[in-house]
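Protein sequence lines, in the order shown, are assigned to chains A and B. Residues in the first sequence are numbered from 1 upward in steps of one, following my numbering. Residues in the second sequence are numbered from 334 upward in steps of one, following my numbering.
Don't read these hints as lab results, they were simulated from the structure. The C-beta atom is built at its ideal place from N, Cα and C for all residues, glycine as well.
Straight-line Cα separation of at most 25 Å, SDA-like style, residue types lysine to any residue; simulated pairs:
no., chain 1, residue 1, chain 2, residue 2
1, B, Lys-538, A, His-57
2, B, Lys-538, B, Arg-520
3, B, Lys-532, A, Arg-259
Label-pair distances were calculated between CB atoms; the ranges are:
no., chain 1, residue 1, chain 2, residue 2, range
4, A, Gln-292, B, Lys-477, 35 to 41 Å
5, A, Lys-142, B, Leu-449, 36 to 42 Å
6, A, Gln-283, B, Arg-395, 37 to 43 Å
7, A, Ala-255, B, Lys-477, 34 to 40 Å
8, A, Ile-168, B, Arg-395, 34 to 40 Å
9, A, Gln-292, B, Gly-370, 56 to 62 Å
10, B, Gln-625, A, Ala-293, 51 to 57 Å
11, A, Met-281, B, Asp-558, 36 to 42 Å
12, A, Gly-201, B, Met-611, 36 to 42 Å
Selected chain B positions facing chain A (Cβ under 10 Å, derived; list incomplete):
no., residue
13, Asp-553
14, Glu-561
15, Cys-575
16, Met-605
2 protein chains.
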Amino acid sequence: MSASVNRQILLIEKPAGKLGPEHFKLTEAALPEPKEGEALLRVRYISLDAANRAWMHGATYRSAVEANTVMAGGAIAEVMASNAPGLAAGDLVFGDTGWQEYASVPAKHLTKMPKLEPMTYLLSIYGIAGLTAYFGLLEIGKPKQGETVVVSAAAGSVGSIVGQIAKIWGCHVVGVAGGKDKCHWLRSELGFDATVDYKDGAVFKALRAAAPRGIDVYFDNVGGDILEACLPLMNNYGRIACCGAISQYDGVPSAHGPRGVPGLIVVKRLVMQGFIVMDFMAQRDRALTELQAWTSSGKIKVQEDVIDGLENTPKALIGLLAGENRGKRMIRV
Amino acid sequence: MSASVNRQILLIEKPAGKLGPEHFKLTEAALPEPKEGEALLRVRYISLDAANRAWMHGATYRSAVEANTVMAGGAIAEVMASNAPGLAAGDLVFGDTGWQEYASVPAKHLTKMPKLEPMTYLLSIYGIAGLTAYFGLLEIGKPKQGETVVVSAAAGSVGSIVGQIAKIWGCHVVGVAGGKDKCHWLRSELGFDATVDYKDGAVFKALRAAAPRGIDVYFDNVGGDILEACLPLMNNYGRIACCGAISQYDGVPSAHGPRGVPGLIVVKRLVMQGFIVMDFMAQRDRALTELQAWTSSGKIKVQEDVIDGLENTPKALIGLLAGENRGKRMIRV
Numbered sequence: 001m002s003a004s005v006n007r008q009i010l011l012i013e014k015p016a017g018k019l020g021p022e023h024f025k026l027t028e029a030a031l032p033e034p035k036e037g038e039a040l041l042r043v044r045y046i047s048l049d050a051a052n053r054a055w056m057h058g059a060t061y062r063s064a065v066e067a068n069t070v071m072a073g074g075a076i077a078e079v080m081a082s083n084a085p086g087l088a089a090g091d092l093v094f095g096d097t098g099w100q101e102y103a104s105v106p107a108k109h110l111t112k113m114p115k116l117e118p119m120t121y122l123l124s125i126y127g128i129a130g131l132t133a134y135f136g137l138l139e140i141g142k143p144k145q146g147e148t149v150v151v152s153a154a155a156g157s158v159g160s161i162v163g164q165i166a167k168i169w170g171c172h173v174v175g176v177a178g179g180k181d182k183c184h185w186l187r188s189e190l191g192f193d194a195t196v197d198y199k200d201g202a203v204f205k206a207l208r209a210a211a212p213r214g215i216d217v218y219f220d221n222v223g224g225d226i227l228e229a230c231l232p233l234m235n236n237y238g239r240i241a242c243c244g245a246i247s248q249y250d251g252v253p254s255a256h257g258p259r260g261v262p263g264l265i266v267v268k269r270l271v272m273q274g275f276i277v278m279d280f281m282a283q284r285d286r287a288l289t290e291l292q293a294w295t296s297s298g299k300i301k302v303q304e305d306v307i308d309g310l311e312n313t314p315k316a317l318i319g320l321l322a323g324e325n326r327g328k329r330m331i332r333v
Numbered sequence: 334m335s336a337s338v339n340r341q342i343l344l345i346e347k348p349a350g351k352l353g354p355e356h357f358k359l360t361e362a363a364l365p366e367p368k369e370g371e372a373l374l375r376v377r378y379i380s381l382d383a384a385n386r387a388w389m390h391g392a393t394y395r396s397a398v399e400a401n402t403v404m405a406g407g408a409i410a411e412v413m414a415s416n417a418p419g420l421a422a423g424d425l426v427f428g429d430t431g432w433q434e435y436a437s438v439p440a441k442h443l444t445k446m447p448k449l450e451p452m453t454y455l456l457s458i459y460g461i462a463g464l465t466a467y468f469g470l471l472e473i474g475k476p477k478q479g480e481t482v483v484v485s486a487a488a489g490s491v492g493s494i495v496g497q498i499a500k501i502w503g504c505h506v507v508g509v510a511g512g513k514d515k516c517h518w519l520r521s522e523l524g525f526d527a528t529v530d531y532k533d534g535a536v537f538k539a540l541r542a543a544a545p546r547g548i549d550v551y552f553d554n555v556g557g558d559i560l561e562a563c564l565p566l567m568n569n570y571g572r573i574a575c576c577g578a579i580s581q582y583d584g585v586p587s588a589h590g591p592r593g594v595p596g597l598i599v600v601k602r603l604v605m606q607g608f609i610v611m612d613f614m615a616q617r618d619r620a621l622t623e624l625q626a627w628t629s630s631g632k633i634k635v636q637e638d639v640i641d642g643l644e645n646t647p648k649a650l651i652g653l654l655a656g657e658n659r660g661k662r663m664i665r666v
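Construct the complete structure from the given sequences, taking the supplied hints into account.
In C-alpha cells:
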C-alpha cells in the first residue's frame with residue numbers, strides 16, 4: 001500500500017515478424033487512482049498465453065493491443081482499494097490488468113475469485129486454461145469412451161489438461177508436442193497413450209501410427225501443418241475443436257490454409273468448430289466442481305511453470321511462443 | 334424390351350488434369366441378365382453432378398470409379414424384369430445404374446420412386462439435389478429469419494434450391510454464380526436479394542457489398558477462393574455448410590487450403606460442417622412433403638436442363654464442370 005511507483009511493461013512496437021525483447025520496455029508510472037466504479041489492484045500473478053501474441057495482429061474476440069500502451073494480459077490480483085460496490089480491499093479477482101504491478105480496473109471487467117491455495121491454481125487448472133480444456137473437449141469435441149482424441153500443444157497449459165480429461169473419459173489419447181522430453185513426460189507422468197514429436201518430422205506418419213483406429217476428436221491448438229496432417233486421419237463424423245492457431249501467431253502468417261478443407265470436411269462429414277471459453281461462463285460452476293474433484297483425487301496432475309519478476313514477462317512470453325514451457329506459465333509479480 | 338444391345342459409356346482413363354471427351358468411349362454390350370436379388374433396369378434419366386468428377390479422384394463416400402468400366406452415375410430407371418422381392422416390372426427406381434441404357438442392379442441398392450409428372454422432378458427438386466439443399470441448409474446451416482445466407486454455385490441444381498428455401502425462411506439471400514446472365518436470372522426469376530459474379534473478379538469486395546450485415550450461413554458448394562473470401566465476412570457463431578468443393582474437382586487440386594482456417598474459425602466461433610445427403614434419408618418423407626408444398630404453391634421454381642441422348646453424357650458433364658448449366662442437368666436416355 002505504501003508503494004508509490006507502478007512498474008509497467010509497455011509494448012513499444014507491434015512486431016512485423018517474430019516477437020522479441022526489443023518490442024517491450026520496462027517503465028515506471030504513478031499509482032493509478034481508482035475512478036468511480038473501479039478498484040485499485042495489486043497484481044499477483046500474470047497469465048502468459050499464446051493468445052497474447054495473437055492480440056497484436058488486430059481485433060480478435062477482444063480489441064487489438066496498441067503500441068505504446070501497457071501490454072494487455074490477464075492476471076490474478078488483490079483489491080487494494082475499491083470505488084465499486086461488491087468489491088472490498090482484500091478481495092481476489094481475475095481480470096485484464098495488463099503487465100504492471102498496479103492497475104485501476106472497472107469492477108464490471110473483474111471476476112471475483114475464491115481464496116484457495118495454491119493461488120496459482122486460479123490461473124491454471126481453475127482458470128482460463130482448465131476451463132478452456134474442459135469446455136472445448138467436452139462441449140465441442142464431444143468425446144465418447146473408446147474414441148481416439150488427438151491434442152496439439154499437448155504439453156501446454158490447455159493441452160496437458162485436455163489429454164488428462166480425455167483419459168478420464170476413457171479415450172485413446174495422443175499428444176502432439178515438441179521434443180522427446182515433453183513427449184516422454186506426457187506418457188509417463190500424465191498418462192497419455194501415445195505422443196508425436198513434431199520436431200522429429202514426418203508428423204503424418206507418426207500420427208497414423210499413434211492413432212491406428214483414426215482420429216475421432218482433434219483438439220487443435222496450433223492450426224497449420226498439424227491440422228493439415230490430422231484431416232486425412234479423421235474418422236467419419238469426427239469433431240475438430242478449434243481452440244487456437246499458435247503456429248500462425250508469431251511471425252508472418254502462413255501463405256496457405258490447410259489442404260483438405262473443405263474436401264475432407266465434406267467427405268468425412270466432419271465438424272470443425274471454433275470456441276472461446278468466455279462463451280461457456282454460465283456453466284463455470286459445474287466445470288469447477290468437476291475439475292476440483294479430479295484434481296484432489298489425483299486424476300488430473302497440475303503442471304505449472306512460475307517465473308519470478310515483472311521484468312521477465314517479455315522473455316517468458318517469447319519463450320512460451322517457442323514452446324519452452326510445460327503446463328501453465330505465469331509471472332509472479 | 335425387344336432391344337438386345339446395351340449402349341454404354343466407359344471411362345477409359347482417369348484424367349490427370351481437366352476432364353475431356355477423350356476420357357470416355359461409347360461402346361455396346363449385351364443386355365445384362367439380372368441375377369438373384371437383382372432387377373433389370375431401363376435407364377430413363379441420368380443425373381449429372383459435379384460429384385461424378387470427384388469420384389474419379391479416389392474413394393470418397395463411395396468407392397472410386399475405375400478406368401475401363403461403365404462410368405458411374407445415378408439415374409431414374411424403370412424395372413423391366415425383377416429377380417428381387419419388392420420390385421416388379423413397371424416400377425420406377427433411383428440408383429447408380431451407370432451411364433448406360435440398361436443395367437442389372439441389386440434391389441438393395443435401389444430406391445423405389447413414386448410415379449409423378451414430370452418424371453424429371455425425381456432427379457431435381459425431389460431428388461438428391463432438392464434433398465441436399467433442404468437438409469444442408471436447414472439441418473446444417475440452421476438459418477434464422479433475417480439472417481444473411483450466401484450460397485455458391487447458386488445457379489446450379491442445389492444452389493438454386495438453397496437460395497429459394499432461404500427466401501422462404503425470411504433470409505437475406507446472396508448467390509455467387511458465374512456470369513451476368515445467371516446472376517440476373519437468380520435475382521429476377523428466383524428472388525435472390527443479391528448476387529456476386531465470380532467471373533467479374535474482386536469477389537471479396539462484391540460479397541462485402543452484397544452482405545452488408547455479414548454472413549450468418551454460407552452454403553459452400555465450391556471450396557477454394559470463394560470459401561476463403563467468405564471467412565472474414567462471417568458473423569460470430571456463423572455456420573458453414575460444406576456440401577462440395579467443385580473448385581477442386583476438375584484438374585490439379587489447389588496447392589493450398591483456404592487462409593483463415595482455423596484462425597477465423599476460432600475467433601468468430603464458427604461451425605464448419607460437412608454432410609452427405611444420404612445421412613438424412615430417415616427424414617426424407619418430411620422433406621418431400623415440404624418440397625412438394627413449396628413447389629406446387631410456386632414458392633420454389635424448378636429449373637432443369639435436360640439434354641437428349643446417352644452419347645451426349647460426357648459432353649454434358651464436362652460442360653457442367655465448366656458451369657454451363659442452370660439448375661439440374663440430366664440426360665434423357
